[in-house]
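**Q** Here is how the chains run, residue by residue.
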Amino acid sequence: MSTVHIHTTVNGDPVDFLSEPHTSLLNVLRDKLDLTGSKEGCGSGDCGACSVMLDGELVCSCLVLAPEAEGRRIETIEGMAQEGQLHPLQQKFLDLGALQCGFCTPGFLVAAKALLERNPDPTEEETRYWLAGNLCRCTGYDKIIRAVMDTAAEMRQERVSA
Amino acid sequence: MSGVLEKQELKIVGTRPVRPDGADKVTGKAVYGGDYHLPGMLWGAVLRSPHAHAKIISIDTRKAAALSGVKAVATHSDFRESDDSDEINAGETMIDIDAAAQMCLAKDKVFYDGQPVAAVAATSAEIAAAALDLIDVQYEVLPHVIEIEDAMREDAPVLHDDMFTQGMPETPKTASNVSMRLEKITGDADAALDDADVVVTRRYTTQMVHQGYIEPQSCVASVSADGQAQIWCSSQGAFMVRSVAAAITGMNLSDLRVVPLEIGGGFGGKTTIYLEPVALVLSRKSGRPVKLALSRDEVFRSTGPGPGTIMELSLGATKDGILTAAVMDLKYQVGAFAGSGCGAGVMHALGCYRIENTRVTGCDVVSNMPSTNAYRAPSAPQAEFAVECAMDEIAEQLGMDPIELREKNGVKPGDPSFSGAPLGQVAFMETLAAAKSHPHYSAPLGPNQGRGIAAGWWVNHGGESTVMVSINEDGSAVVATGNPDIGGSRASMAMMAAEVLQIPMQKVRPIVADTASIGYSMLTGGSRTTFATGRAVCEASAEVVEILKSRAAMMWGVEPDQVEWHDGEARCTAPGSDEAPLGIKQIASQTAKTGGPINAEIVVNPHDALPTYGVHICDVELDRETGHVSVVRYTAVQDVGRAIHPSYVEGQAQGGAVQGIGWALNEAYVFDANGRMDNSGFLDYRMPVASDLPMIDTLLVEVPHPTHPFGVKGVGEVPIVPPLAAVTNAVSHAAGMRFFDLPLTPDRVYAAINSQS
Ligand code: FES
Ligand code: FES
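Sequence order for the protein chains is A and B. Each step along the first sequence adds one to the number in my numbering, with nothing skipped, and position 45 is 45. Heads up: take any position in the second sequence, counting from 1, add 1000, and you land on my numbering.
Worth flagging that the hints you see were computed from the coordinates, not collected in a lab. By construction, the Cβ of each residue, glycine as well, lies at the ideal position given by its N, Cα and C atoms. Hints should not be assumed to be uniformly reliable.
Said to hold, decoys possible - Derived contacts from chain B toward chain A, CB cut-off under 7 Å, selection only:
| no. | residue |
| --- | --- |
| 1 | K1025 |
| 2 | I1214 |
| 3 | E1215 |
| 4 | G1264 |
| 5 | V1658 |
Please take these sequences and the hints and turn them into a complete structure.
**A** Encoded structure:
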């Protein structure tokens, strides 16, 4: 099988890799680039555990072929905390106990960050629908939804006072 | 340690600190089963049966073995020949080694679609997958059977020709698919039913459901040339993995070290193993580390779900609402081998209530589906679903409030338990009262809405645990346990240790040790960890405090009983002493002069776990045009003993409730005409998502366990018990007719309400 040489930016750094044409972006991230924060819960686009940003769009990386990432900007959970500082969503998930096993957590955080970038003031219903592609079997979603909405409120507050 | 500490004395227990393993879990650093890899590692893949029932005539692996890049091939013949009697205690279930081996690699027959038949290890996942296509398996396809009643028919295909129903007065001479029968009788149930003022007689069914943990099973095994081996995997118990993997492959326990990685959910499903023995064999044969991981499709088709049931129940009461009689028959669909069955169902069915005359019978029926395994309060939700639906009908017939009916009959401390021994400090009454006075219970309902309530209980377990608490030179502490942290147990362990040591929680680092680094601990299951392992943490911490006091005494030249421990420091109470207090750091830094390192290892094996009770209130709205049911408000009230970290206790109640809602409304295994699973993915096996649900309110009722240092009772399992009936009762009220069969999918509900009108 012929491999393809791919150039991307991952969490701000230029990253090149070789990949089979049919390999998923998720498998490249996990197996070639050692970025195992993105998880595989299904491999079929149904659980959201593999959520990453591709050129600013939320995608399931298990549904993206590695060659599709050519020349594009990838952001993963590993890039969410900046200079050792947790993103407010990460901190809020910890403060409210919005994770139990934590396996779904990277996917939820990436998806929630995408929501707040697009809609800084989501209703509970909007939050629930935006996150409907992310499965969590442990928490019943209650604390996750609260964490996202609380973070949104705090970030709005900061913007006002800044 | 003696006596339960009063709540007002507590500084840390009952607060909500950030969990010690939290930062790694929100940044993607935490290493789960699938995240581990080693240099030179090979990728394994498993060939599975496409048939629901077949004899294996031959397996030819020569072409696969010859493929470039393939380093090893394995079949059942690579396992040790096991004794029929080999069994390993896995907490809520026993693991039969012969059956467990066949679920790793089939022996001479396959019993379900997806059962592993052969495995390969190769230099890449692609080559391993290509090699599977080169394995030639010849099958003789046999007739298969899925449903309970079909499997019980005289002319049904018999799965195991050595299965003779256990538990009969006389063991039958012919083999059948009924692996065991059970009966529990008190009083004269038939006569009491005849005398009852109201009797509800119904037949209920539930379907096989999966635990649905989001992390598929995954492991890496590495066997060295001298036969010593290591496994890195996620599971509910590294010691369980070690026992089962060693038994199947014929290893000494001391040659196998199992390192627990983070676990992405288990709910009972990871109390046994499907991959590790295969990875060991492949690694032994190839001389290289081997990784094996399941896909989601493989998780559904080849790991153990929870059983489906058919249940018949007659429940009788006086016109004053006193339950007098119950006759119940439970049939559990346990899958290919005698798996997680009716035992706990028979035990739990009527356990919320005092009923003088009862006869409960149960049986386990095997059929051609994956062998069942524990699923959160295994076997209790089904049986209690039937009872709680019937209770609702009795209340309705008597015109009585359903909580009041339960209050009239609910168990209290001192009432006889299932075994006959009096119940300890149970808090069912307090839980019912809390539900009754919750604002949700009296809130008005909208059009097409209905409210249901249901109770539930779970027995909870204790069992063996080892804990080591060590004090570092700087006065900080390490707490090592052998129990994987599924949902925040590191936090509760650290909090209990910090409370006893009287130091800040951030100075206590909890770790989950591997099987060579701590003594045996039973797996995380049965809601036992915070109770039993937590007790060991408290005892070890208390012993460390005694050592610290004696070291301070030595440093001061006084008697140990002239030292008190307050706020993490020793204070001298010797008459006339004006010594300044010695902090934990000062004592810990002097150990070379006072007798060496300060640590304590404690083993426990408590048998006095207390059952816990839940009462759930559910409001649904029914769309009469489509039959779709949405849950619009939900409250879970639960007796928790004492919540160490309330956020994670609430989380257990919320997560359990939502799993139960999924069980009630959506989830079921579906098989095609050939006995192959038709919905082996999350799109078609529809678990609840965020947009399906409202917030899940919780109310924790704290009636402490009298002999646990902090009053802990098991909390993790009971919340999945009430929702099945709470949802069903709510739908029944919204629709104005009764429902008996789960799941309450829109097509079913639509058909029912339309056939009525
Ligand atoms: S792994 Fe990509 S959506 Fe589940
Ligand atoms: S926290 Fe376990 S799946 Fe979400």
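**Q** Please list, smallest to largest, the hint numbers that this structure does not respect.
**A** Hint check: nothing fails, all pass.
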